[in-house]
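Visitor: Given the coordinates of chain A, assemble chain B onto it according to the supplied hints.
Going down the list, the protein sequences come from chains A and B.
Using my numbering, the letters of the first sequence correspond one by one to residues 1 to 78.
Using my numbering, the letters of the second sequence correspond one by one to residues 1 to 78.
Listed next, the stretches of chain A that the computed footprint assigns to chain B, with coverage defined by at least 3 CB atoms under 8 Å from CB atoms of chain B: (1) 8 to 22; (2) 46 to 60; (3) 68 to 76.
Pairwise CB distance ranges, derived in the manner of DEER restraints: (4) B:40 - A:57: 13 to 23 Å; (5) B:50 - A:42: 22 to 32 Å; (6) A:32 - B:26: 41 to 51 Å; (7) A:72 - B:57: 15 to 25 Å; (8) A:27 - B:21: 30 to 40 Å.
Over 12 Å on every C-beta distance to chain B, these chain A residues come out as not near it, computed from the model: (9) 26; (10) 27; (11) 29; (12) 32; (13) 34; (14) 36; (15) 38; (16) 41; (17) 42.
Note that these hints are calculated values from the structure, not bench results.
None of these values were measured; they are calculated from a predicted model.
All C-beta atoms, glycine included, are put in the ideal place defined by N, C-alpha and C.
There are 2 protein chains.
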Amino acid sequence: MSGRKVQRESARSRLARNLRAIRTSQGISQEELGDLAQLHRTYIGFLERLERNPSLENIERLADALNVDIVDLLAVTR
Amino acid sequence: MSGRKVQRESARSRLARNLRAIRTSQGISQEELGDLAQLHRTYIGFLERLERNPSLENIERLADALNVDIVDLLAVTR
Chain A
1 MSGRKVQRES ARSRLARNLR AIRTSQGISQ EELGDLAQLH RTYIGFLERL
51 ERNPSLENIE RLADALNVDI VDLLAVTR
Chain B
1 MSGRKVQRES ARSRLARNLR AIRTSQGISQ EELGDLAQLH RTYIGFLERL
51 ERNPSLENIE RLADALNVDI VDLLAVTR
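Isolated chain A (complex conformation) (with noise of 0.2 Å):
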């Protein structure tokens, strides 16, 4: 009855902020980070702009090519 559901950030725009977060402390273009994950440089951008849907193994690529843990990418920051 009460409002007990908090308002909570979407998975795909934890993992929009937190993959362009970690992509610019890391000095990498979205070009090269498509280049290491080996995914399109447009798709990049798509999930920085939270207008795509990854599969799992996407956002595992993207993790490794950035050298963090999936979960890194998919967390509640600040």
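Guide: Structure of chain B alone, referenced to chain A:
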């Protein structure tokens, strides 16, 4: 040169293990979880057997249905 690469559990395997552990700890069957997450019952089984590469939004639906955070489904545990 040296094998700095640590053997890591795949994201798909983490998901399978955490999904089953959390689901069974809540006493929920695959079929019930399918109903809760509006995913097909057989799909839950496929995920727990590492036979699918789910989308981020399907993982999010499972997390919501189990009342856990998406990170709990992808964490390294134990």
